[in-house]
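2 protein chains.
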Amino acid sequence: MALKHAVLAALLGGEYSGYQLTKIFDVGVSNFWYAAPQQLYAELTRLEADGLITGREVVQKGRPNKRVFTVTEAGLGELTAFAAAPAKPLLIRDDLVVKVHAVDRLDPAPVIAQLRERAREAAAKLDLFRQILARLRGDLDEETFLREGEHVGPYLSCLAGCRLERETHDWCLQTARTLTERAARTEGRTP
Amino acid sequence: MALKHAVLAALLGGEYSGYQLTKIFDVGVSNFWYAAPQQLYAELTRLEADGLITGREVVQKGRPNKRVFTVTEAGLGELTAFAAAPAKPLLIRDDLVVKVHAVDRLDPAPVIAQLRERAREAAAKLDLFRQILARLRGDLDEETFLREGEHVGPYLSCLAGCRLERETHDWCLQTARTLTERAARTEGRTP
DNA sequence: CATGACTACTCATATCGATGACTATCGCTA
DNA sequence: TAGCGATAGTCATCGATATGAGTAGTCATG
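From first to last, the protein sequence lines are chains A and B.
The first sequence lines up with residues 0 to 190 when you count with numbering that gives the first Met the number 0.
The second sequence lines up with residues 0 to 190 when you count with numbering that gives the first Met the number 0.
Since the hints were derived computationally from the structure, they do not count as laboratory data.
Since no wrong hints were added, every one of them can be taken at face value.
The list treats identical chains as interchangeable, and a pair is accepted whether it falls inside one copy or across any two copies.
Once the Cα atoms are required to be at most 16 Å apart in a straight line, the calculated EDC-like pairs of lysine to aspartate or glutamate come out as:
1. K65 <-> E14
2. K3 <-> D49
3. K87 <-> E116
4. K87 <-> E120
5. K3 <-> E47
6. K87 <-> D25
7. K3 <-> E42
Given the structure is predicted, the values throughout are model-derived calculations rather than measurements.
Can you build the whole structure from these sequences, using the hints too?
Laid out in structure tokens, this is it:
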């Protein structure tokens, strides 16, 4: 299982409801895993049944009540076992790279448009991640925080997200430029 | 579908047998998709049934015969449609980042070991990718090749792989160093 | 006072992907 | 000559993921 551990890791950061987790795991914010709302609710139910998390009803006024969850001792044990197990190699599955790989035999225009769009998204995510990093380290500078801060896990994982988004952004723009220039030259040649 | 298009894109590079594709898609080599052998054979059967590729028996001496596949016109059409469709956001699913995210509450030792191991793997992949790039561009330099070369798709997608592996490598080592230093300080404090 | 947007969550299903176990031939080496 | 590793592939199955549709209350806006 996989989502399981991602949910447990996310819940180490505090008490969250299913709905709040959907925000954390939503396309924009999760820097290490993606999951749809339905998957999360299902996973939370399973985790609670297995005793790895406990739920607590929170009565709210003005909006529906919610159940918030915390990791139990058993849950921590599960995470420990997970951390000790050999890591599976990173799985990348990117539609866009597949399209670029095949672009020589295809119309480059839609691919270029998607590269630009992806670059925009990556820039937005990068911005968001930088804000999260700034909030996490408070008024310490990065070096000091990494040496002396209390919780560096989320900071370090967010740094990974930053790197990925920055590279994605740069690669997309450079690739879009290359393809655009080539398209212009080909047009000039076969009018 | 997803693997489908990755296979079609890979087959644009030439005629390959199922077994050759398993090598290309194997953990080390695929810079854009991973698939197990069984998935590939199943996918090839389906693609041939749908007329998107055609198989050709190649009789070999000294080793079992094999069937090699080529993309048909219909297959190219499918790829064109795929390229024009909006790209799905990149899905990252990385066990190791989840472990790092949770590391504050866990024993850091196995996580550090896995970070070092991942860094080694990334360095090896990076090496391999650089060789592939050198082979693809022949004796042109990168800039000239990207401007004037015939098939830049595989080159561009491999560049994406390079960036990813380089960042992975650097992040893993930096994170391992940070965690190691923190572990040393904590040991000194609680003996 | 109707409409849409946001919070909060559920059910059902189809497709995808991961895994283990198996067959068979050839060439090389101990 | 037995065994190993590489080539070349098949079958079956389980669990994970993706997607569509649906419920229900609250709040603000026009």
